[in-house]
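**Student:** Model the placement of chain X on the given structure of chain B, informed by the hints.
Now for the letters of each chain:
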Amino acid sequence: MKISPEEVKYVARLAHLDLDNEEVQAMTEKLDSILSYFEKLNELDTTGVPPATHTIDTRNAFRDDVTGVSLNQREALANGPLCNEEAFVVPRVI
Amino acid sequence: MKIHELTIRGLKELLASREISAVEATRAVLERIDAVEDKVRAFITITPELALEQAAAADGMLKAGQGGELCGIPLSIKDVLCTKGVRTTCGSRILEPFVPPYDATVVAGLRGGGAVFVGKAAMDEFAMGSTSETCAYGIPRNPWNPEYICGGSSGGSAAAVAAGEGLASLGSDTGGSIRQPASHCGVVGLKPTYGRVSRYGLVAFASSLDQVGPLTRDVADCALVMNAICGYDPKDSTSINRAVPDYTAALTEGLQGLTVGIPREYFAAGLDPEVEQAVLRGIDLLREAGAVTREISLPHTDYGVAVYYLVAPAEASSNLARYDGVKYGFRDSGKELAEMYRNTRSKGFGDEVKRRILIGTYALSSGYYDAYYKKASQVRTLIKEDFQKAFDLCDVIASPVSPTPAWRLGEKLDDPLSLYLSDILTLSANLAGIPGISVPCGFTRSGLPVGLQMQAAHFQEEQLLRAAYNLEQRLDIVGKKPQI
Numbered sequence: 032m033k034i035s036p037e038e039v040k041y042v043a044r045l046a047h048l049d050l051d052n053e054e055v056q057a058m059t060e061k062l063d064s065i066l067s068y069f070e071k072l073n074e075l076d077t078t079g080v081p082p083a084t085h086t087i088d089t090r091n092a093f094r095d096d097v098t099g100v101s102l103n104q105r106e107a108l109a110n111g112p113l114c115n116e117e118a119f120v121v122p123r124v125i
Numbered sequence: 244m245k246i247h248e249l250t251i252r253g254l255k256e257l258l259a260s261r262e263i264s265a266v267e268a269t270r271a272v273l274e275r276i277d278a279v280e281d282k283v284r285a286f287i288t289i290t291p292e293l294a295l296e297q298a299a300a301a302d303g304m305l306k307a308g309q310g311g312e313l314c315g316i317p318l319s320i321k322d323v324l325c326t327k328g329v330r331t332t333c334g335s336r337i338l339e340p341f342v343p344p345y346d347a348t349v350v351a352g353l354r355g356g357g358a359v360f361v362g363k364a365a366m367d368e369f370a371m372g373s374t375s376e377t378c379a380y381g382i383p384r385n386p387w388n389p390e391y392i393c394g395g396s397s398g399g400s401a402a403a404v405a406a407g408e409g410l411a412s413l414g415s416d417t418g419g420s421i422r423q424p425a426s427h428c429g430v431v432g433l434k435p436t437y438g439r440v441s442r443y444g445l446v447a448f449a450s451s452l453d454q455v456g457p458l459t460r461d462v463a464d465c466a467l468v469m470n471a472i473c474g475y476d477p478k479d480s481t482s483i484n485r486a487v488p489d490y491t492a493a494l495t496e497g498l499q500g501l502t503v504g505i506p507r508e509y510f511a512a513g514l515d516p517e518v519e520q521a522v523l524r525g526i527d528l529l530r531e532a533g534a535v536t537r538e539i540s541l542p543h544t545d546y547g548v549a550v551y552y553l554v555a556p557a558e559a560s561s562n563l564a565r566y567d568g569v570k571y572g573f574r575d576s577g578k579e580l581a582e583m584y585r586n587t588r589s590k591g592f593g594d595e596v597k598r599r600i601l602i603g604t605y606a607l608s609s610g611y612y613d614a615y616y617k618k619a620s621q622v623r624t625l626i627k628e629d630f631q632k633a634f635d636l637c638d639v640i641a642s643p644v645s646p647t648p649a650w651r652l653g654e655k656l657d658d659p660l661s662l663y664l665s666d667i668l669t670l671s672a673n674l675a676g677i678p679g680i681s682v683p684c685g686f687t688r689s690g691l692p693v694g695l696q697m698q699a700a701h702f703q704e705e706q707l708l709r710a711a712y713n714l715e716q717r718l719d720i721v722g723k724k725p726q727i
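First to last, the sequence lines map onto chains B and X.
Per the working numbering, residue 32 is the first one in the first sequence, and the count goes up by one each step.
Per the working numbering, residue 244 is the first one in the second sequence, and the count goes up by one each step.
Just chain B, same shape as in the assembly (with noise of 0.2 angstroms):
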């Protein structure tokens, strides 16, 4: 077993995803051979080898520090599901 139903459960947490027992069951199958296959990876030996990070060859995308057009307040709060005239409005933080 590469995963357990424990596991799944954690890393939903991590996730913020609520899994009921049938869905954590299903899951945990599922990741089971999907996690398996990866063992497929070992197979290499990697000593050595940089991690890729970039595809191209990429510098840090700079720019001056020069404030643009942005999106004003009211479009920027356009799509909220629940906002005051200022805010989104959330349940309580703590």
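Hints were generated in silico from the structure; no laboratory data involved.
Predicted, not measured: the structure shown is a model, and the values here were computed from it.
Just to be clear, a hint being listed does not mean it is correct.
[Stated by the list, open to error] Calculated pairs, DMTMM-like style, for lysine to aspartate or glutamate (alpha carbon to alpha carbon, straight line, at most 25 angstroms): (1) X:K478 <-> B:D88; (2) X:K724 <-> X:E390; (3) X:K478 <-> B:D96; (4) B:K61 <-> X:D527; (5) B:K33 <-> X:D657; (6) B:K33 <-> X:D575; (7) B:K40 <-> X:D657; (8) B:K61 <-> B:E37; (9) X:K597 <-> B:D76; (10) B:K71 <-> X:E508; (11) X:K723 <-> X:D575; (12) X:K617 <-> B:E38; (13) B:K40 <-> X:D575; (14) X:K327 <-> B:E106; (15) X:K590 <-> B:E54; (16) X:K478 <-> B:E106; (17) B:K33 <-> X:D594; (18) X:K655 <-> B:E60; (19) X:K617 <-> B:E54; (20) X:K327 <-> B:E37; (21) X:K617 <-> B:E70; (22) X:K655 <-> X:D281; (23) X:K245 <-> X:D719; (24) B:K61 <-> X:D545; (25) X:K597 <-> B:D96; (26) X:K597 <-> X:D657; (27) B:K33 <-> X:D545; (28) X:K723 <-> X:D527; (29) X:K655 <-> B:D63; (30) X:K724 <-> X:E248.
**Tutor:** Then chain X, alone, in the frame of chain B:
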């Protein structure tokens, strides 16, 4: 003459000579959508009023001798690209009410140039899939056989172009999502070099793999759309500042001096014999056009699926963290914030998206990062090096796009791993950042399209287009249309 069957070049000529107006052309395409959409289901949102407004504006631009490459051309846009004022769902319930307040850079460019948007095309949820069956708004059907998948994740885009519901479409490709549906639907699809086309406003799935690209009826049209969408964008920090050639310029040149590499690993066990036959015939035609072929090896091909299905979900788990119900999209209730996040995401995301978020979160989590994500990233370097070495020996690499033709709807829904394995021939290009094209090269006995894939080194799209054009000219396929 059926307007919806025209190529972009054909319509441009008629618009230029004023034989037809953009409004008339748009009406004809909208009528076509009305006539076939209940069978094809390529669209999540159809935008007839917007299209006619844009068409009228395009007619004004054309009269004044203005307008861009695609002025007056009706096309569709995969619902993963932000379109200002037009609902953008990414095929997900979690973005059901989302109306972007801005255009993606490629969309803004087309809009400013007078293009006409007929609608937002169906797709796998958040571009995660190879069949478009995870679209929360209905599954698009293959216009060549409605019981078969279109492929994915740009299934709606490919189906729309094949069915005449627009003269082109913008799709996105992270592991094959333009090329594979193009192959299954018998249209041309191109994934540009990473960084060639702006990702600003492309809803992110896997940021180091995603690219926007065209789906069109033929190769010359594909080159035209490339002219319109490629280019540096300072708003995308991964955009490459490099001059955009005229991709239509050298299409008609023959293939003398071109070496085509045939990778033995792409013709391995499991390749459908009809696919192999069609692709080998296509390679023969490349030789007839003057190319020289040679066998090459891409030794790490078989590891690509494991690398991709670790790297892409890892990046996706980060990119999809933003869907929490706070600022946009669907929100479910919760007594406190964390509960709201969990309820919103659990109700709003489909199963495949959840599966990939979990794989990604696991692969990045403490204790597993080295064994999974880092290891995969190291093997990704080996795959990149495979291509670098190959392009010392050849100019383009020719192969199938998919090991099999399209399959029946529902056939692979229960076995995600088998679905992942079918992406083996396309995802390496995304891992290496190189461009790839799928061009129709034949049909199976049962009438399903088969595409031939070509891949080239970074920024060598001109080679791909020239080879694809020469191939297309030697096949009599472009005229063939699905009976819907």
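**Student:** Hint by hint, say whether it matches the structure.
**Tutor:** Checked hints:
1. A threshold of 25 angstroms between alpha carbons decides the hint, and for X:K478 with B:D88 the separation of about 18 angstroms falls inside it, so the pair holds.
2. For the suggested pair X:K724 and X:E390, the alpha carbons sit about 17 angstroms apart, so the restraint of at most 25 angstroms is met.
3. This hinted pair checks out: X:K478 and B:D96 have alpha carbons roughly 14 angstroms apart, not beyond 25 angstroms.
4. Between B:K61 and X:D527 the alpha-carbon distance is near 42 angstroms, which puts this suggested pair outside the 25 angstroms criterion.
5. For the suggested pair B:K33 and X:D657, the alpha carbons sit about 20 angstroms apart, so the restraint of at most 25 angstroms is met.
6. Pair hint B:K33 plus X:D575 does not hold up; C-alpha atoms about 33 angstroms apart against a cutoff of 25 angstroms.
7. For the given pair, B:K40 sits about 21 angstroms from X:D657 by alpha-carbon distance, which is consistent with the 25 angstroms threshold.
8. Between B:K61 and B:E37 the CA atoms are separated by roughly 15 angstroms; this keeps the pair inside 25 angstroms, and the hint holds.
9. Only pairs whose Cα atoms come within 25 angstroms are accepted, and X:K597 paired with B:D76 is rejected, the gap being roughly 31 angstroms.
10. Straight-line distance between C-alpha atoms of B:K71 and X:E508 comes to about 17 angstroms, which keeps the hinted pair within the 25 angstroms bound.
11. The hinted pair formed by X:K723 and X:D575 fails the criterion: a straight-line CA distance of about 48 angstroms is larger than 25 angstroms.
12. A distance of roughly 20 angstroms separates the Cα atoms of X:K617 and B:E38; the hinted pair therefore holds under the 25 angstroms criterion.
13. For the suggested pair B:K40 and X:D575, the alpha carbons sit about 21 angstroms apart, so the restraint of at most 25 angstroms is met.
14. Of the pairs offered as hints, the one joining X:K327 and B:E106 holds, with about 11 angstroms between alpha carbons and a cut-off of 25 angstroms not exceeded.
15. A C-alpha spacing of about 13 angstroms is found between X:K590 and B:E54, which places the hinted pair at or below 25 angstroms, so the restraint holds.
16. Distance restraint check for X:K478 and B:E106: the Cα-Cα separation of roughly 19 angstroms lies within the 25 angstroms cut-off, and the hinted pair is therefore satisfied.
17. Our distance criterion of 25 angstroms between C-alpha atoms is met by B:K33 and X:D594, whose separation comes to about 20 angstroms.
18. Annotation: proposed proximity of X:K655 to B:E60 holds, straight-line Cα distance about 16 angstroms (limit 25 angstroms).
19. For the given pair, X:K617 sits about 29 angstroms from B:E54 by alpha-carbon distance, which is inconsistent with the 25 angstroms threshold.
20. Taking the CA atoms of X:K327 and B:E37, the gap is near 43 angstroms; set against the 25 angstroms cutoff, the hint is violated.
21. Simply put, X:K617 and B:E70 have alpha-carbon atoms about 13 angstroms apart, close enough for the 25 angstroms limit, and the pair holds.
22. A hinted pair counts as satisfied when its Cα atoms are at most 25 angstroms apart, and X:K655 with X:D281 qualifies at roughly 24 angstroms.
23. Pair hint X:K245 plus X:D719 holds up; C-alpha atoms about 19 angstroms apart against a cutoff of 25 angstroms.
24. Between B:K61 and X:D545 the alpha-carbon distance is near 21 angstroms, which keeps this suggested pair within the 25 angstroms criterion.
25. Of the supplied pair hints, the one linking X:K597 and B:D96 is violated, its CA atoms being roughly 38 angstroms apart against a limit of 25 angstroms.
26. Taking the CA atoms of X:K597 and X:D657, the gap is near 15 angstroms; set against the 25 angstroms cutoff, the hint holds.
27. This hinted pair checks out: B:K33 and X:D545 have alpha carbons roughly 21 angstroms apart, not beyond 25 angstroms.
28. The hinted pair formed by X:K723 and X:D527 meets the criterion: a straight-line CA distance of about 21 angstroms does not exceed 25 angstroms.
29. In summary, the hint linking X:K655 to B:D63 is supported, as the alpha carbons are separated by about 18 angstroms, within the 25 angstroms threshold.
30. In summary, the hint linking X:K724 to X:E248 is supported, as the alpha carbons are separated by about 9 angstroms, within the 25 angstroms threshold.
Figure legend: structure checked against the earlier numbered hints; hints not met, in rising order: 4, 6, 9, 11, 19, 20 and 25.
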